[in-house]
Amino acid sequence: MTNPIEDIEKANVILITGSNTTENHPVLSSFVKRAVTRKGAKLIVVDPRRIPIVNFASCWLRQNLGTDVAWINGMMHVIIKEGLYDEAYVESRTVGLEDLKKAVERYTPEYVEKVSGIPKEDLVAAARLYASAKAASILYAMGITQHICGTDNVKSLANLAMLCGNVGIEGGGVNPLRGQNNVQGACDMGSLPDVFTGYQRVADPALREKMAKAWGVKSLPEKPGITVMEMMDSAHEGKLKGLYIIGENPLLSDPDLKHARASLDKLDFLVVQDIFLTETARVADVVLPSTSFAEKDGTFTNTERKVQRIRKAVDPPGEAREDWKILCDLSARMGYPMNYGNVEAVMAEIREVTPSYCGINYERLEREGIHWPCPGTEHPGTPCLHVDQFSCGLGVFHAIEWVPPAEVPDQHYPLYLTTGRVLYQYHTGTMTMKSDGLNELAPECFVEISPADARKYGLGDGEKIKVSSRRGEIEAKARISDKAVDGTVFVPFHYAEGAANELTNTALDPVALIPELKVCAVRIEKV
Amino acid sequence: MKREEEAMESKNILVIDGNEYAFDPGETILEVARRNGIDIPTLCWMKRASPTGACRVCVVEVEGARNLVASCAAPAAPNMVVRTQTPAVMRARRLNIELLLASGQHNCLVQDLDMDSWTDSQLRSMETKEHHDLCPAYGDCRLQELAIKYQVRGCRFAPLDVRHEIETVNPFIVRDLSRCILCGRCVQACNEIQVNNAISFGYRGTRAKIVAKGDRALKDSDCVFCGECVQACPVGALVLTQDMDGNGRVKGETKLVRTTCSYCGVGCQMYLHVRKGRIVRVTGVEGVGPNHGSLCVKGRFGYHFVHDPERLKTPLIRENGTFREATWEEALTVVAEKLNRIKKADGPDAIAVLASARITNEENYVAQKFTRAVIGTNNVDHCARL
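Chains as they are written, first to last, in the working numbering: chain A, 1 to 527; chain B, 528 to 913.
I should point out that these hints are in silico values taken from the structure, not numbers from a laboratory.
Fair warning: this is a prediction, and the values are worked out from it, not measured in the lab.
Careful, some of the hints might be misleading.
[To be verified] Examples of chain A residues lying across from chain B (beta carbon under 10 Å, computed):
| no. | residue |
| --- | --- |
| 1 | 95 |
| 2 | 97 |
| 3 | 115 |
| 4 | 179 |
| 5 | 188 |
| 6 | 206 |
| 7 | 209 |
| 8 | 225 |
| 9 | 230 |
| 10 | 277 |
| 11 | 306 |
| 12 | 331 |
| 13 | 509 |
| 14 | 524 |
| 15 | 527 |
Glycine included, C-beta positions come from ideal geometry on N, C-alpha and C.
The shape of chain A in the complex, shown without the other chains (with noise of 0.2 Å):
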């Protein structure tokens, strides 16, 4: 997030898009709507599925799936058309804006209802809603980013933000709300295969050089390394012969699960390292037990950048070990002893390392986070992100185009298929499925569905029905709901028996490599 989380009370305006907000991130939600209800705030929408937080909009767009960048543009064209943005933002802090407007030229209310089926006059008062605020919030999940253009989708809503002024402001923002407690700190740690810690590049000579002297090796490889998508592809085709897992579980989270079982098959070798006999670790060749979040002393970086403090609570069961512990001793076994006496000993490394932790040490943790950038530890470290300029200088306005979803439905697959979690649940369920409170609560799969589909196909609520498309089938029960729009079918992936990744797509964004988990076609029938 560019801004604290307490920064959306302070909003005149949110804006939330491909974000089951209150099922997802409950407690955040608590700030919209408390922003709405206590602060006067207005909410605007823009989710195909009726989701609980639409009860506290005053304006709802339910756009068609994969539409976004058509109805980003669409607000922007009006807001552009009519002088609502703002100009000595623009003038002073960004550069591009005479691009950015041919581009959003033919995205006029009319063409932009016949691509997203946004009516053209909720469009406009929707552009007109949030150009009016002093401070406006975008908040946005995977359904945005969990497309072929989930990169541009990303930058489309930049654009949105910065055309009105809402970047570097409190209460504005473009802010991702993170799915994961620590996806965020994984990020900033350099598990991703082009950077190092705090994004630092591995294809710059000097910061490698810089890597390798703090590491004690010669030399560190140049080349960035392949995505977990990538991975699995690499697997199948036999080059990638590898492949260890730390607390993951691509065989229910990985789109087209037929394709990601036939890949970890072809491994010569699979570890898996968790916390539970997982669907992956099932496959593999040696199984690593670790430990839980309330095992271990350690920091998780939350979604609004703000480092926070994890402590040992209860002693692991068996034989199980902490993952850091694990890796230094395997790490001892190939020839390069990494010897850390505690968790703080890491992290004293990862802040000589990283600019952006410098600051940050336990000390400072103790009662309460700290939000890098932190570069030193006089430095309170930083809520909101491009207070007076952008990070880059100038904010970069992108000439986007929209393009149609990867698979879109046809005579043989009539309708799309999204996919997304339950408030009851989290991820593939390995964790939540242990309490059986939350089990009552949310038991199994469902393919949830219009009223008019159903009444189409003939279904009663909780039939038994085949869903299909071209990658897998599988079995769910029916579950009628206004919150589905007509067309189109949800489905939960956190069931094992019902997954909902047999059938999404891997077609990939070509920027991020996220694949298109949110917009497939399928067809459905009785059982």
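Using the hints provided, position chain B relative to the given structure of chain A.
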């Protein structure tokens, strides 16, 4: 002191118990007092919610006011003279506590106490046969605590025979509205803090009670089981199912360990309550961001996986198609040898590591360092894309 100087300029000063204090416009008497370490008891007052003035335990004397004033709802004003400890204040607080005790089933033996000593009464309570249906909040009840502090004893008022069936038909929250004092904290927590709008005041007069969706069970209402109301309840009306055994509340000392929730990316600050090496409860940390005490259903109730019997306890090695248990020595040797062999035969880029959004920063750091410095490839990624 910037606040003091500004206040002097604008005359935003009031007197509490003979001392002058500066205040910011809009601050209540209670807030100014608390900020300056002056103790005014409260029951219904809740940080982050608008004051309701329902319990009137926080009354104080304000010079010139006809009646005692609820300090939680009364804004501080220039030249106001407040007294927090006068006999009238103490009498009123005690009376209000007595009335609250008489308003429902508060069988912590406060009501029929006619002895002088609290210790005697507590000892007696332990010995009686009825002990088993002692209020589950016994010993952790704000009303009981205040009754003790204000030495409320005997009972001038016959307790109302309020009886509501105990609601247990959901997995997480036990509702016993016969112990409810209608302070409204749960309603504030639900409607103003979490804004789930699942519960409200229902009925009138002596029939008044807290209702969910037209007086239905929580599981048939809009309740999403965040548990904020339980954390807010000052008495035994809302307790956690997990805290109950056949004989009321599970007893025993717990150790509180502050940590960060391991579910979504919000990073809520929570206390793990640990007894005998096991997590028995989770509560939100008040007064610190990002969550200021709030949690969701997963954070508060989804901790059982930690002690689940299916947790992996030893390394496993696949042999002839099935797993066998192995020592760390064996397992790590196999992994090191295999990785070294692949590295030698096919080069470091034939190996990849999937680190994790579930492990710590320190562990991710070690994972990518291991991949780059030891294996010698940049093939490291995690599930940010999924």
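Consistency of the hints with the structure:
About 29 Å separates the beta-carbon of residue 95(A) from the nearest beta-carbon of chain B, more than 10 Å, and the hint is not met. For residue 97(A), the interface hint is violated, since its Cβ never comes within 10 Å of a Cβ in chain B; the closest pair sits about 31 Å apart. At about 26 Å, the closest approach between the beta carbon of residue 115(A) and any beta carbon in chain B exceeds 10 Å, and the interface hint on this residue is violated. Here the hint on residue 179(A) is kept, as its CB sits about 6 Å from the closest CB of chain B, short of 10 Å.
The beta carbon of residue 188(A) is positioned within 10 Å of a beta carbon in chain B (closest approach about 7 Å), and the interface hint is therefore held. A least Cβ separation of about 16 Å between residue 206(A) and chain B goes past the 10 Å threshold, and the interface hint is therefore violated. With its C-beta approaching chain B no nearer than about 13 Å, residue 209(A) sits outside the 10 Å limit, and its interface hint is violated. Given hint, residue 225(A) at the interface with chain B, holds; its Cβ is 3 Å from that chain's nearest Cβ, closer than 10 Å.
With 10 Å as the threshold, the beta carbon of residue 230(A) comes within range of chain B, its nearest partner Cβ sitting at about 8 Å, so the hint holds. Nearest Cβ of chain B to the Cβ of residue 277(A): about 6 Å, under the 10 Å cut. The hint holds. Given the 10 Å rule on beta carbons, the hint for residue 306(A) holds: about 6 Å separates it from the nearest Cβ of chain B. For residue 331(A), the interface hint holds, the least distance from its beta-carbon to any beta-carbon of chain B being 5 Å, beneath 10 Å.
Hint status for residue 509(A): holds, given a least beta-carbon distance of 9 Å to chain B, under 10 Å. Below 10 Å, beta-carbon pairs count as interface contacts, and residue 524(A) has none with chain B, the closest being about 25 Å; its hint is therefore violated. Given hint, residue 527(A) at the interface with chain B, is violated; its Cβ is 29 Å from that chain's nearest Cβ, farther than 10 Å.
The structure fails to meet hints 1, 2, 3, 6, 7, 14 and 15 from the earlier list, while all remaining hints are met.
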